[in-house]
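Protein chains in written order, with my numbering: chain A, 24 to 589; chain B, 24 to 589.
For the record, the hints were derived by calculation from the structure and aren't laboratory data.
Treat each hint with caution, since some may be false.
Which copy is meant is left open, because identical chains are indistinguishable; a pair holds if it fits in one copy or across any two.
For lysine to aspartate or glutamate, the following DMTMM-like pairs were computed, each having C-alpha atoms within a straight-line distance of at most 20 Å [unchecked claim]:
| no. | residue 1 | residue 2 |
| --- | --- | --- |
| 1 | Lys75 | Asp209 |
| 2 | Lys311 | Glu336 |
| 3 | Lys161 | Asp121 |
| 4 | Lys419 | Glu409 |
| 5 | Lys424 | Asp42 |
| 6 | Lys74 | Glu91 |
| 7 | Lys552 | Glu100 |
2 protein chains.
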Amino acid sequence: MRLSQSFFTTLRENVKDEDSVSGNLLVRAGMIKKSSAGVYMYLPLGYKVLKKIENIVREEMDQAGSQELLMPALIPEEVYVASGRRDNFGSSMFSLKDRFNKSYVLGPTHEELFAVAAGMKIRSYKDMPFNLYQFQTKYRDEARPRYGLIRVREFIMKDAYSFDKDEAGMDVAYQKMFDAYKRAFDRMHMDYKIVRADTGVMGGLLSEEFQAVTEIGEDVLVLCDQCSFASNLEVAPCKDEGTDSTEAHLPKELVETPNARTIEEVTEFLHEAANQFVKTLIYNIDGKPVAVMVRGDREVNETKVLKLVGGLEIALAEPEMVVKATDAKVGFAGPIGLHCPLIMDLEVSHMANFITGANKTGYHYIHVNQEDFKADYTADVRQIMEGDTCPICGGKIVFKKGIEIGNTFKLGTKYAQAMDLEYLDQENKLNPVWMGSYGIGIGRCMAALAEQHSDEHGLCWPINIAPYPVAIVVIAKKDEQQMAAAEQLYAQLQAAGVDVMLDDRDERPGVKFKDMDLIGTPIRLTVGKKIGDGLVEMKLRKAEKAEDISIDNVVAKVLELIHQGE
Amino acid sequence: MRLSQSFFTTLRENVKDEDSVSGNLLVRAGMIKKSSAGVYMYLPLGYKVLKKIENIVREEMDQAGSQELLMPALIPEEVYVASGRRDNFGSSMFSLKDRFNKSYVLGPTHEELFAVAAGMKIRSYKDMPFNLYQFQTKYRDEARPRYGLIRVREFIMKDAYSFDKDEAGMDVAYQKMFDAYKRAFDRMHMDYKIVRADTGVMGGLLSEEFQAVTEIGEDVLVLCDQCSFASNLEVAPCKDEGTDSTEAHLPKELVETPNARTIEEVTEFLHEAANQFVKTLIYNIDGKPVAVMVRGDREVNETKVLKLVGGLEIALAEPEMVVKATDAKVGFAGPIGLHCPLIMDLEVSHMANFITGANKTGYHYIHVNQEDFKADYTADVRQIMEGDTCPICGGKIVFKKGIEIGNTFKLGTKYAQAMDLEYLDQENKLNPVWMGSYGIGIGRCMAALAEQHSDEHGLCWPINIAPYPVAIVVIAKKDEQQMAAAEQLYAQLQAAGVDVMLDDRDERPGVKFKDMDLIGTPIRLTVGKKIGDGLVEMKLRKAEKAEDISIDNVVAKVLELIHQGE
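Same shape as in the complex, but just chain A (with noise of 0.2 Å):
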């Protein structure tokens, strides 16, 4: 490509409305361009890219038996009406009607098309299994887009669906494609890990989700410092110290704490340590209050609530649900004389002489003990910590950032059963199909790459994502002799099979070695004054140096930088 014919453009500075490094990088090097909130155009260079990554995916997809094929946007409301999946979505899908009023949404995921379409197939046992695939672009009414293409409104997602007869079929669709995203992934060059995850509007019996570690991640990984446990924050599991208390048990105390109510204030008050108080959080869980008792130093995780009791959607209580679950003020809930049914934590039911609110405005109970009042459900409901102890081996759990850019399910026969996807067995019976769901967001890699490799020059792209691997730069245009052994190198190497770069453009060396740097031009071949003595300057872009080569060299060399780089 001669860049002096072509569409490239570039911005020396950060532009204002991105929030994040890759989103900064990726509309300075013309990659992407903003075209409203959470919505951007590939330019023709991060088109380039996009397609790499996209390939990288296609080929571990195929190789993996799965068969591409395309599904509209443009869906009929009823089709998640009749999966149930209408509601769970919200407002955050796209919504609208056609000429005749009709109700259509774009859709967000696709796996009621899917279900429609291998409907078409599936009549008995025989007919399976197989999987399906598709590169599409889905749309999601995001309240707040952001940190360029992590959290857009319209995206191009690898979704694949996988139908089996059984669990055991299901299991081995599942690890199939899992092994063909860890592939993919390790073939991107991206540092991730794989941690486990809430199956949320999905459903289904498991879900994993491939998170990328940069430091912009809107998801907290929870992974070990020792073993290779990893969770998403959501369903990470506490470990269960297992040893009630020792201390014996005082009887429990009525005690009046005028204008304390904060954990910090009751505890100053009555001079104890932040974990001898087990705080009683009033929620409200589907319009219904529930108690939840965590250890004062401690934060419920919500996702775990919901979990145990089955339901969907949670929020702290408003105040007048708290007073009539509690006899009291906001600030003085406790164990003792509720209204609501009750979750304590696995950690407190260890606990003896502990203080809790007394569900009497101005009043705690000191030396609460486990004999003083009944739980409904004692489980692990709270958010794991940094420094807390792995619940698998003895390390420390340590959180990292991550962005997740890919995820599988296990659906089970959810999907099957809402939308009558069935086959006869054996025995002539009907049974529903086993499905699973494996997305990849393809815009979301690239940034992600973006995020893990990028310098305070710009983009440093793996040479098999950048748009170009190799640039050929030329000092000075008019120079008759470095002009004639630039045009020779970029004949060479791309009679070599090398996409290459050719800056042929009117601009200072030091524009255009700039330029080189923001994009992320692995490789940048330099034609100047050495050339008089065969040697062309090579600088590779995560290299400290240049090195002079001869110019017989250049393209072995080239060729077997991009070999080792695939």
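Once you've looked at the hints, dock chain B against the given chain A.
Leaving out everything else, chain B in the frame of chain A:
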């Protein structure tokens, strides 16, 4: 691809809701499935066909120096308001609001966003020319989706846009695209015509259409049986015979024509031929009446009329407007004593002693001549007809039906002016950019090819378009020798780079043969009993008969056929 382990499904019978050969065959062959009115899923086999068409187009675009990118489909409505096209598209544009009540549309074509992207680069005349393209999903809320993939509401279009500093540059860019289109359609084995067309809502200086010739085409192609003249009916010019009638002009005469108001009734009543009658039609153009005179046996071409007067919308006037303009009931309009502008067709301007309405209910004039009235415009406003003389040579006009598969527009500076896309010329003066716009409907190409390449047994794809160029059918799956030979052939063909389908299903040979004919596999290799003699049956989809060939020659023969079909 092993059929036994793939998504593959066919239907024996035509489907009721498909009204075209291509729609029916593509659905029956399991290539597409209707999701909702005018919205289709591309299933794995169909998607392969789509991709092959796309890749041909991509190769020709790249070859022509265009650069690929990707625009969003979700576009703020204000973008089309700014360019003045929001009203032009009207209800054919899907529109929606996001969660913040901001108005968006789903893009039907992308001149506006490409002008924005071009504006990032263009500062001076040195920044041009360049050419950008994309394959992207577009949306139009068609009032009557039909003919399978031909008139749809969600579709993949290749759209390209050229940017030049002057008209000469635009012409060069246009010609490059025009040539690339011809190569692309030739490579697809498309039977097509290139016709002049109306610029329509696109505006601009020139529009040409690439029309696939098929029986279900919605467009009428006007062709000459002698020369290369080709035009869309809407804009086909009529030959001006140019010689006035030599008849002596008689004085006009008012005659009572009770109960006669149609041409048939009047000419019968007066014992005259229809071509001696001149009809005067009253149109409502943007709310105002305009009269148009054409010979009694001719039709008015409304596109020509609209262009002549520079109007936006045209329809026959409602009765009240006719009465106001003519002082008579509908059926008696004529050129003499009209109260609205009058357009006379060129052909009428050469006539003498003709019959017209008298603008008086129940009366006509006979022996009307040019001196009896004054037309405001005399121009070619009639519809060309089959059998007419070609406007270029002496040949005869014939009609064919076409499906518009591509179009090319010289847009001039229209969009640049609307969107302030300007550059500094060598004198440092601001000038608008000259644009061209070029589209190919990828799904329509697939439908048109299916219409052109099919017979009573199903599809007959060209070998470079078929989902799989070759299929191996095993007669007796349980026969070890047959299965081993088939497997060997399968491995050999794959090793030779051939994308081959192995029909290893547990079905009767007749079912397999029918399926292979239906999906249009160009080369069918049957492994049956003759394998004992080292023979395989080779049947070409388009050939009458099969032939036996030695298994050792199969790979070479297949490669030769594939090479011929490129």
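Hints versus structure:
1. Lys75 / Asp209: within (14 Å within a copy, 29 Å between copies)
2. Lys311 / Glu336: Answer is within; shortest intra-copy Cα gap is 10 Å, inter-copy 60 Å.
3. Lys161 / Asp121: both (19 Å within a copy, 15 Å between copies)
4. Lys419 / Glu409: Intra 8 Å, inter 87 Å, cutoff 20 Å: intra-copy only.
5. Lys424 / Asp42: Within one copy, since 16 Å is at most 20 Å while 55 Å is not.
6. Lys74 / Glu91: Result: close both inside a copy and across copies, 16 Å intra and 10 Å inter.
7. Lys552 / Glu100: neither (66 Å within a copy, 54 Å between copies)
Violated hints amount to a single one, hint 7; each of the other numbered hints is respected by the structure.
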